[in-house]
Structures are given as C-alpha cells and as structure tokens.
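Using the hints, put the two standalone chains together into the complex.
If you want the building blocks of each chain, they are given just below.
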Amino acid sequence: MRWTFKHRFLILRRLTQTLMIALYFGAHAWGWKMLEGNLSSSLVFGMIPLADPFAVLQMSAAGALLGLDVLIGAAIIAIFYALIGGRAFCSWVCPINMVTDAASGLRRVLRINEVERRVVLSRNLRYWILGLSLALSAIFGVDAFEFISPIGILSRGLIFGIGFGSTVVLGVFLFDLFGVKNGFCGHLCPLGGFYSLIGRFSIIRVKHNQEKCTLCMKCTDICPEKPVLHMIGKRSEFVAMGECTNCARCVEVCDDDALNFDIRFFKTTK
Amino acid sequence: MAKDKLPPLGERRRFLLQTLQGLGLATLGALTWSAYIDEASASALVLRPPGARIEEDFLSMCIRCGLCVNACPYDTLKLARAGDNVPVGTPYFTAREIPCYMCKDIPCVPPCPTGALDASLVSKMAKNGQPEFDIGMAKMGVAVIDSDQCIAFWGVQCDACYRACPLINEAIIIDQSRNDRTGKHALMVPRIVGDVCTGCGLCEKACVTEKASIFVLPLEIAKGKAGSNYIKGWDEKDEDRLKDQKGGGEITHTPTSAKKPVDYLNSEEF
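Those protein sequences? They're chains E and F, same order as listed.
Each step along the first sequence adds one to the number in our numbering, with nothing skipped, and position 135 is 131.
To get our numbering, take the position in the second sequence, counting from 1, and add 2.
For the record, the hints were derived by calculation from the structure and aren't laboratory data.
It is possible that part of the hints are untrue.
[Said to hold, decoys possible] Here are the simulated DSS-like cross-link-like pairs (lysine-lysine), alpha carbons at most 30 Å apart as the crow flies:
no.	chain 1	residue 1	chain 2	residue 2
1	F	K80	E	K29
2	F	K239	F	K126
3	E	K230	E	K177
4	E	K29	E	K230
5	E	K29	F	K106
6	E	K230	E	K2
In this text the structure is predicted, and so the values were computed from the model without any measurement.
Chain F with its partners taken away, still in its complex shape (with noise of 0.2 Å):
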C-alpha cells in the first residue's frame, strides 16, 4: 500500500521552520567566525608600538587606520597582512628588520585616534607640571638572550648588543666573570635589566649570530610572575603593600606549652 501523501505544511508550522532554519544556519556561521576570531587573536607572539595597551585592550580598541604606520620616520611599523599571522590590519614591528628607533617625541602615538596607543603609558610629568613624552618607559617588549648561541657566552668577545642599546649600561650590562675553559681569559657576556628594557629591539638587529641570539619578546610571554604573596622586606615601597593590604596577614597564636622543654626530653617521646 502506497504511503499516504503528507498533507501541506501549515502556515504556522511554515514559519516555525524558517525561523530555525534561519537560526541555525546563523549559529553555524558564527562558531565558525568565532573559531577564527579565537585563532587570530590569540597570537600574542607580535611586538605592538610604544605606548600600546596591554594587547586585549588595544586588540578591542584599534581601529587599524594605519596613522602610526604613516607617522613612523623609519618605517618600522607595518599594518599586518593577510597572512602575517597576526589579527590583519593591527600595527606591529619585527625588530630583526627594523627596529624601534625610540624617537624621543614618538611620533607614531600622538595621531592614535581611538586611543589604542595611550599617551599617558609613556608620559611622565615634568618640571613645569606639563606631561612630556619619555620613550623610556616604553614597554614594547623585553629582549631574552640564548646564552646557549650568544658567543659572547662561549668566550668570544662581542658587545654588539650592549653596543647598540639606547639604554647602554642600563638596559644591558656586561658581566665579567673568569674563563674557566680557558682559564687565563675574561668572559664578557650581555645580561638584560627587565625593568629597564623597552623592547625596541635595537640589540636584536645588531646582534651577529646567523638567527639572533638576543631577540625582544612580548612581556606577557617573556614575563614571569612571582605572585602578590612575597615582598621584597629590604625595599620600603614593597612593604607599604602590607599597610593597605585587607584581609589576610592575620596573626595565629599558638598557646606556648606550660611544660619545660627539659620536661619533653626526658618523657622519651623522642
């Protein structure tokens, strides 16, 4: 026997229908637009202009007109391409290229229309209570060295890097220490002061080694944390964390025993 013909659907199931076709198709392209959005987000591994947010806030608040890239003078910066592997039309730099010159009026910040790169991160107030601009409290990045390929390491004598830091003897330092391998030479080799390093990239360029051996990371990759719960008790600053500190810190009293030590000696519990 022939099935029976299903009757015509309803106006109301009709609709029904629709709307969930329409519906569903709409999640479907939006997981997929989110897969991606996900993905191209999340590579942190690019070094951002002076004066840029931490990289959630300046992904959220870059408009990627480009104004920084015209203003560059070395044209280190670079609007991402499809295909550079970081979110497109965002402004970076590779500093084995070019480099961060480190302007001292940073010209790439001022034209920032959204605020993206934020003046105040790399102003300070001076004599006369005006902000003025201090490329030196940029924080682009944070040079690393391979000790394992930087020569310097190895007994060679080379102070490229430390050579070509605007921040010499302060960003970079050279230790000396004995040449055990050798042991009649000095080893010279480049340390990094973190809290000074801008993240230009200046060593980057200049280091010798085939691949650099010292090369700027961003800080939230390059960056360890050693948590709230330990202060530095010989800097005062560090210390003044206690005072404002709530909650936590609370004294324990454990009641002093009324027996004399002697007394727990001799009762052989030992």
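Next comes chain E alone, as it looks inside the complex (with noise of 0.2 Å):
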C-alpha cells in the first residue's frame, strides 16, 4: 500500500500512456472509434482532430498549406499544453518516456552513475536541434524530425508493427543507459524542447514548500530535469522552469510533504 501511495503518479503515467497506446491500437486492430490516428495526428470519437504542433510546425516551415483539420488539432494540443500541462506530454503520454525511464532505473540499480565517465552534453542542445529541424524541414521541404523521431518510430511500432525501428528504440536505450543520464528527453529531443518552451506559463506546477524540506535531497536525485529544482531547501516557491516535464516523482519521493502539485497565478496567498 505505501509503495502504491509512494508511486502514485508513477502508476497513473504508466496507465495514460498505455491506455493511450491501446485506444490507438484497438482503433487500427477492431476498428475503436475513441482514439484514431497516432501520436501525429488523431481523430476522438471521430470528431475531434488532435495533431502534434511541433510536425505541423515543421510542415509549414517545409512550405506545406495544410487542411483546416489539422490545423485546429494542432491548436487543440498547443493550448492544452500550453494554458494547462506544460510538458506534460513528455511523461504522462510520450512512449519513449518509459525507455528512458527503464534506462535511468537501470543506471541507479546498477549504480552506472557513479562511474559515469563525463560525457558533457548541454540540456540547451535540444534547443539548437529544434532550431535545426525547422531549418532543414525549410531548406528540403519535408518535416525533418519526423523522418528520425525515436518517438514516432515507436508510437507508430506499438500501433502498426515496428519492423527495425526496434533498433533505433534500443539505441535510444542504450544512449540513456551508458552515454547520458536521461541523454534523449533530458538533452536531445526537440519535441521535448518545443513543449518546454510553450508550457512555460502552464498553471499546473509543482511548488517547493521550503519550511518542510529537510534537505535530503532526494527529489534531485530523481529529477529527470535536475536543473529545474534549483530552489530546493532555499525558496518556496513553483518550479517555474519549462523544462519541468510535470512528472511529479519529486512528489513522490519526498517524504516530508515539501513538494506538491499546486495551480499557478491564480491562488494569491497560500
């Protein structure tokens, strides 16, 4: 029982992302008509279109006009994100979240952490490989990321069959389990990027009560994102950063109740 309360959010994740995953599936297998399409783009109960804003972002910058339907899908998720999760897309939908997050619990059993060797790879280099996919989609006219993303390549494997994209799944593995702690989400994935940067005034947020904290400093043991819990033990306050992916295992690890979900900007005083 307290394991489950310890891994509460763990669990609800777990379950968004396959439940997800098997809508897609039953959709593609029996004919479901909850959930259609794939992680690109969707139709729900074949009325509402959802479409990933970074490919549709992509696409205008290859030059594509695109149909009003997409379009309106791509909005849909972008507000959503946006106003509301930040990016919580990362952990609570994104199917490469639970490979990497199979990597990172891999290097903490078997202590690999410890003997990292210093691979220095900046967390803003997501940013310049965003920057890059729009470019190259602009200069060769397709959607750039769409063509490598470990993402799709998974997502679409787990709904129509995934011929070699296994090996570009176990890649990604591998490079989070011996190349860089949470090397793909934490430093590469442009996806990741473009939600940090529009989620950044997303109102569900994880905030630091600093008066509790007894610095044991587990939250930042287990941060994906570790630069985001910069206040721990000094301020209470949000944890404002974009890069937050809202995964809520600080939450979890803490055992002195100093962090929690809380909803910005609108309550004043707590």
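Written out as structure tokens, the structure is:
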C-alpha cells in the first residue's frame, strides 16, 4: 500500500501512456472509434481532431499548406499544454518516456551513475536541434525531425508494427543507459524542447515548501531535469522552468511533504 | 628553454571559441541529418494511396497519422516501418501482396487531416453539381508489362491480368496477332492503356508468373514525356494550346529568290 502511494503518479502515468497506445491499437486492429490515428494526428470519437503542433510547425516551415483539420488539432494540443499541462506530454503520453525511464532506473540499480565517464552535453542542445529541425524542414521541404523521430517510430511501431524500428528504440535505451543520464529526453529531443518553450507559463506546477524541506535531496536525485529544482531548500516557490515535465517523481519521493502539485497564477496567497 | 606558458583565455576569446564550437558541431549534425533526409526522401519506388498528391508535395504534407491505413477495408495500406525503404511512417502499398481494390467510396481519402490525400484529385462533378468520388480518376501508378517474361507473348493463352483488371477492356486491352512461330495460332497479348490505368495493382496480384510480369510503377518512373513542343494536330484540344501560347511560334520570312528554278539548274552550281 505504501509502495503504491509512493508511486501513485508513476502508476497513473504508465496507465495514461499505455491506455493511449491501446486505444490507438484498438482503432487500427478492431476499428474502435474512441481515439484513432497516432500521436502525430488523431481523431477523438470520430469528431475532434488532435495533432502534434511541432510536426505541423515543421510541415509549415517546409512550405506545405495544410488542411484545416490538422491546424485545429494542433491548436487544441498547443493550447492545452501551454495553458494547463506544461511539458506533461513527455511524462504522461510519450511512449519513449517508458524506455528512457527504464534506462535511468537501471542506471540507479547498476549504480552506473557513480562510475560515469563525463560526457558533457548541454541541456540546451535540444533547442539547437529544434532550430535545426525547422531549418532543415524549410530546406528540404519535408518535416525533418519526423524522418528520424524515435517517438514516432516507437508509437507507430506499437500501433502498426515496428520492424527495424526496434533498433532505433534500443539505440535510445543504450544511449540513456551507458551514454548520458537522461540523454535523450533531457538533452536531445526537440519535441521536449518545443513543449518546454510553449509550456513555460502553464498553470499546473509542482510547488516547493521550503519550511518542510529537510534537505534529503531525494528529489534532485530522481529528477530527470535536475536544474529545474534549483530552489530546493532555499525558497518556497513553484517549479517554474519550462523543462519540468510534471512527472511528479519528486512529489512521490519526498518524505516530508515539501513538494506538491499546485495551481499557479490563480491563488494569490497560501 | 621551456616554452612560455600560454596566457589564460580571455573572456571574449573563450566566448568566440565556444560559439564556433557550437556552430561547428551544429553544422556537422545538420550535414549528417541532411544526408539522411535526402537519401530517405529520394526513394520514389513506392505506391501511394489514391488521391495522393505528387510525391514531393505528398511527403511535405503527410503527417504520418495512419488514419488512411485504419480506413482501408482490405488492409492494403501500410505505414512504412523503419527498414522498409520508404520514408518512415508514410502510407504505401505493395500491389503483389495486397493491391488496391478501388472502393467506390474511397474510404482512405476523407480521413486525411492534412490534405496530403486530396479529394479533388479523385472527384468529378456529378449531375447535381456536387463533387462525387470517381476512383477511376486515381493515379497511383501505371502498370508495365515485361513482354519478355509475360507468357502471353510466348503464345501461351493467359489473360489473368486482363480478367483481373477492374477497368477490363479499358485499362488493359488484348491485342491479337499471328503467331509466326507456330504459323497456325494467334498471339493474344495484353496492352496497357496508360491514360486509363489507375495503378491499382490487381493485375500484378493476378499475374501467374513466378515474379509478376505485369507490375505497377509510380508515374514519375514509368512515364516518359514528349515535351510541349509536340502538338497532336489531329486533336483539337491539343491544338488549342497554340492559341494560349505566349512567345515562340514566330513565323520566319525567307525572301523568295528572284531567280527562276531553271536558272538555278543551268548555273552549274550543282
């Protein structure tokens, strides 16, 4: 019971991640109508379009004049994460998250973190890759990141069959396990970078209560985006950086109730 | 004498070097990525769903959602997996495995959210003034016959492709001629009418030879091009092109010689 409580958000996240893939799979295999398509573009109950705003941005950079459906879909998703969820896509929806979490979990179990060779990789690299995605899309007239996206390869793979795509996914796993800690999601992925940028001012955020903090630092150990927790033990404030994925691992590991989800901007005092 | 130690890097120099390093690495990444995109998007040997725009536009507009794949009642369409040698995630079909059965209501086209599959390419005006689907307008490719391996050209009586063609006697026609080898039989060989053929691939599926001797190729590969300088004088519509033509088509005046032809013969210039 205590274990369940200590992993309540993790369990929920795995549920939403697998449920979405299951619904997509059901739509492909048995014609379910709840959620059709895949993470690039979908149709909810045969009516509401959803689309990946980053893919749409790349395609627009490539010079494609897109249909109205996909533009509305991209707007819905972009507005949802910008106002409410922040970078929640990465930890609550994206299937690659399960792969990279597995790698970082195995890292802890095998204690690879303690023998780490120093591979210096800036967390800002993702923004360079984001810019590069758009530039290459414009040059080649195709959505450049979608040609290589492990997210697309894995999510489509789980729904439509994966083929050699499994080697790409394995590559991400090995890179995160033996290469750089949180290497893919925390350093390279331009989609994560995109959601970091547009989700900067979302209202659902983790809030730190410095008075309760005992400085055990379990939260910074578990956090996949360590720099966002710079205020731990120093100031009571919201985790405001856009890179926070709202994965809530910090909330779960905290034994002192010093970290919790809260709503920004609306409540003035607490 | 020991070499003097170099002075520590100045702030400005350090900044410039770091910028240069970033730009250099970004260029390296961009070049690798570009090479891959160029390679991957060059594979034009692929059959797209009906209503697909020309390959270049199709690639820039397809968001790889798989809604067309879900809609296909015959499981003809597949989403390309990594290793299929088709830009990953885009829909295609392999006619020898499952051809396009040319549904009258073309269920794969309306779900496309981006317009990569363009309904207007497979619609004509009905009598009531509303556009209506006409699968006969589809141009997925064009069938090509290897007359060397097609057994009908050997004199064996086979009309499997002709019988399988949904546009029998329009897209595939049987030509009859004398079999000079035996001297007493007829050759009955298939011929493709390129303008009519939709590229559905039912003929390729039906072909009885070990490897199909009639097969569908994408238009860009299978079709030649006579060039606009040729005008079919017997085709009124084609002649109309002359009226709209701007530039070119000038009449050149060569002055008529003042000499008579007889003088010319007598001048011994021959």
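Status of each hint after checking the structure:
no. : hint            : in the structure
1   : K80/F x K29/E   : 19 Å, holds
2   : K239/F x K126/F : 20 Å, holds
3   : K230/E x K177/E : 25 Å, holds
4   : K29/E x K230/E  : 49 Å, violated
5   : K29/E x K106/F  : 23 Å, holds
6   : K230/E x K2/E   : 24 Å, holds
Comparing the model with each earlier hint shows a violation of hint 4 alone; every other hint is respected.
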